[in-house]
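Visitor: Quick note on UniProt numbering: the sequence shown kicks off at 1 and runs consecutively.
No wet-lab data here; the hints were simulated from the structure. Predicted model only: the values in this text are computed from it and were never measured. Heads up, some of the hints might be wrong.
[As the list claims (entries may be wrong)] Keeping only pairs whose Cα atoms sit at most 27 Å apart, straight-line, the calculated DSSO-like set for lysine-lysine is:
hint, residue 1, residue 2
1, Lys423, Lys294
2, Lys85, Lys127
3, Lys85, Lys210
4, Lys294, Lys187
5, Lys210, Lys247
[As the list claims (entries may be wrong)] Simulated DEER-style distance windows between Cβ atoms:
hint, residue 1, residue 2, range
6, Gly151, Glu336, 46 to 52 Å
7, Asp361, His115, 43 to 49 Å
8, Val157, Gln567, 44 to 50 Å
9, Glu82, Asn337, 48 to 54 Å
10, Ala348, Lys260, 57 to 63 Å
11, Gln567, Lys423, 27 to 33 Å
12, Gly308, Ser356, 37 to 43 Å
13, Lys260, Phe305, 26 to 32 Å
14, Phe158, Asp185, 34 to 40 Å
Note that beta-carbon positions come from the ideal geometry of N, C-alpha and C, so glycine has one too.
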Amino acid sequence: MPTFVYILASIHTTTVQDFNYTNLENEVDVDPAPVSRTLRSLSQSNIIGSLHERVTRSKSTNTNICLYSCFLPQTVPNNISEALKDSSWIKAMQEELLQFQIQNVWTLVDLPEGHYAIGTRWLYRNKSHERGIVLRNKARLIAQGYTQEEGIDYEEVFAPVAHLEAIRLFLAYSAYMNFTVYQMDVKCAFLYGVINDEVYVQQPPGFEDKDFPHRVMKLDKALYGLHQAPRKWYETLSSHLMENGFKRGRIDQTLFLKKKDKDLFLVQIYVDDIIFGSTSKELCKEYEAIMQSKFQMSFMGEMNFFLGLQVTQAQDGIFINQEKYIKKILKKFSFENVQSIRTPLDKAHKLEPDESGKHVDQTYYRSLIGSLMYLTASRPDIMFAVCLCARYQANPKESHLQAVKRIFRYLKGKAALGLWYPKDGNFELHAYTDSDYGGCNLDRKSTSGGCQFLGPRLISWQCKKQTNVSVSTAEAEYIAASACCSQVLWCQNQLLDYGFNFLKTPIYIDNTTAIFITSNPVQHSKTKHIEIRYHFLRDNSEKGLIVLVQVSIENQLADLFTKAFDQGRFEHLVKAIGMINYEP
Numbered sequence: 001m002p003t004f005v006y007i008l009a010s011i012h013t014t015t016v017q018d019f020n021y022t023n024l025e026n027e028v029d030v031d032p033a034p035v036s037r038t039l040r041s042l043s044q045s046n047i048i049g050s051l052h053e054r055v056t057r058s059k060s061t062n063t064n065i066c067l068y069s070c071f072l073p074q075t076v077p078n079n080i081s082e083a084l085k086d087s088s089w090i091k092a093m094q095e096e097l098l099q100f101q102i103q104n105v106w107t108l109v110d111l112p113e114g115h116y117a118i119g120t121r122w123l124y125r126n127k128s129h130e131r132g133i134v135l136r137n138k139a140r141l142i143a144q145g146y147t148q149e150e151g152i153d154y155e156e157v158f159a160p161v162a163h164l165e166a167i168r169l170f171l172a173y174s175a176y177m178n179f180t181v182y183q184m185d186v187k188c189a190f191l192y193g194v195i196n197d198e199v200y201v202q203q204p205p206g207f208e209d210k211d212f213p214h215r216v217m218k219l220d221k222a223l224y225g226l227h228q229a230p231r232k233w234y235e236t237l238s239s240h241l242m243e244n245g246f247k248r249g250r251i252d253q254t255l256f257l258k259k260k261d262k263d264l265f266l267v268q269i270y271v272d273d274i275i276f277g278s279t280s281k282e283l284c285k286e287y288e289a290i291m292q293s294k295f296q297m298s299f300m301g302e303m304n305f306f307l308g309l310q311v312t313q314a315q316d317g318i319f320i321n322q323e324k325y326i327k328k329i330l331k332k333f334s335f336e337n338v339q340s341i342r343t344p345l346d347k348a349h350k351l352e353p354d355e356s357g358k359h360v361d362q363t364y365y366r367s368l369i370g371s372l373m374y375l376t377a378s379r380p381d382i383m384f385a386v387c388l389c390a391r392y393q394a395n396p397k398e399s400h401l402q403a404v405k406r407i408f409r410y411l412k413g414k415a416a417l418g419l420w421y422p423k424d425g426n427f428e429l430h431a432y433t434d435s436d437y438g439g440c441n442l443d444r445k446s447t448s449g450g451c452q453f454l455g456p457r458l459i460s461w462q463c464k465k466q467t468n469v470s471v472s473t474a475e476a477e478y479i480a481a482s483a484c485c486s487q488v489l490w491c492q493n494q495l496l497d498y499g500f501n502f503l504k505t506p507i508y509i510d511n512t513t514a515i516f517i518t519s520n521p522v523q524h525s526k527t528k529h530i531e532i533r534y535h536f537l538r539d540n541s542e543k544g545l546i547v548l549v550q551v552s553i554e555n556q557l558a559d560l561f562t563k564a565f566d567q568g569r570f571e572h573l574v575k576a577i578g579m580i581n582y583e584p
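Take these sequences, add in the hints, and give me the full structure.
Guide: So this is what it looks like as structure tokens:
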């Protein structure tokens, strides 16, 4: 194993303890490009447990964060040449290579005849606090996996990741059971995955071995950028958990659980980001010890930011929103100073292909839609408007762009709006389904809408244009109910791992004819044209898994995902599905 050494010029280091806080000026001119320093003296109070353990505390006071940030470069280098001019980025690269040495990732060898070496490159980024304060300079060495050839460098690459519905279900359950959800991060997770393929990579740029500059690295562990890296990491992690008494979810392969008496411990995995919680604190401590025994972990305390979702865990429930992301995209697309509006879509909208309309930049339009689609992870109130505008990405016109801008104007005034999961309330699974008959002006296809709840907690929702043209409202509603039934069955199977067995789950629908079609197996002229695949709704109704229940149009919550409304009706539906402005 070669040792990579880069000689650093000695620099003066100032520690936090050296500051005299009584000798500060009231007004100080600050250089917009701060001089980077290296902070070497850290308080031992930020270390959890024994000094020899490998778990650190990520949370600290705002004062310490700001002081520490003063010593870190705020800009990200564009290439290795720029990075080698800054001692902080050199240190970050050395820390990355040190992990390679600890994990025995590679071996320096001569390239065998008939093989080729995959290129490597450095990626640089600043890890920031929720408020945008730089906490850490991170350098990541990645392999240029796009040069790999299937069948030679890798075989199977699929690795499961958690669905957002699974994350929301996890949070809904934790709110109902009133336990805290914690978060941890695995340092250099992919380096733990053992690969069996014969893969060679070039030496890291800027850190080549001076004695053997033409040799290559033979990989024994997975490297970021390789096609098989996520799968190998998942295999390593799942094997370790199952060896220590955990069971994998029946349908969700990223959910791991352990039961002890009446207590249940849950782990949800999204690549190297892990959230966990339990009704027993002892099980949480036991889990931390299990993970520390094999991996280097960063314990990040209570879950407050995960997959772009801001999570606030309060005594009376859990609040989920994406306010930080909304402000980011408003700034990115220069909508910070626009006038806000109360609804995302005009009730009298007439969005259509608009062949005679003025063309707009397709790339810009798609960028707006892509940013909004990511936002629908916690904002069901804009789901229908975004999906409707997304239908015109192939040939956007000025009228379509104005509709998208209206959504941003709505977000400007409702940036803090989010989903509220209360601690109180029942935990019964139920759903709503609806359709907008022939609502698409493009091809007269109907739009299906649906939403699923656990008590008052909204965990999933759908808005999708149907693939067939329905000839009646009953057919459109029947097809929408079939799609909703599929999601309900997923929720039922997922909740089996949580210890809940829901049968005869009510699906509320406002069309009596669709209910009659479900309960009447006789094929007649009004139903024989409906495709067979939609009749599995009837099969599940006969099995007792679901039951269609009549609901009035006024109480049909799935309406929010099928059409536009005026301000009064829209705000009523948004409140009814559990969206609020939460202030701790």
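Visitor: Run every hint past the structure and note whether it holds.
Guide: Now for the hints, and whether the structure bears them out:
Proximity of Lys423 to Lys294 is assessed by CA-CA distance (about 35 Å); at most 27 Å being required, the pair is judged violated. Note on Lys85 and Lys127: the hinted pairing holds, with a Cα-Cα distance of about 20 Å set against a maximum of 27 Å. About 20 Å separates the Cα atoms of Lys85 and Lys210, which keeps this hinted pair within 27 Å; it holds. Distance restraint check for Lys294 and Lys187: the Cα-Cα separation of roughly 11 Å lies within the 27 Å cut-off, and the hinted pair is therefore satisfied.
Straight-line distance between C-alpha atoms of Lys210 and Lys247 comes to about 49 Å, which puts the hinted pair past the 27 Å bound. For Gly151 paired with Glu336, a C-beta distance near 50 Å keeps the hint of 46 to 52 Å intact. Look at Asp361 against His115: about 45 Å separates their beta carbons, and that is inside 43 to 49 Å. Checked against the hint of 44 to 50 Å, the C-beta distance between Val157 and Gln567 comes to roughly 49 Å, which is consistent with it.
The hinted window of 48 to 54 Å between Glu82 and Asn337 is violated, with their beta carbons roughly 34 Å apart. Checked against the hint of 57 to 63 Å, the pair Ala348 and Lys260 passes, with Cβ atoms roughly 58 Å apart. Distance hint check: the CB atoms of Gln567 and Lys423 are about 31 Å apart, consistent with the given range 27 to 33 Å. Our hint of 37 to 43 Å for Gly308 and Ser356 holds, since their Cβ atoms are close to 39 Å apart.
The hinted range of 26 to 32 Å is satisfied by Lys260 and Phe305, whose Cβ atoms lie roughly 29 Å apart. Between Phe158 and Asp185 the beta carbon distance is about 23 Å. The supplied range of 34 to 40 Å is therefore violated.
Comparing the model with each earlier hint shows violations of hints 1, 5, 9, 14; every other hint is respected.
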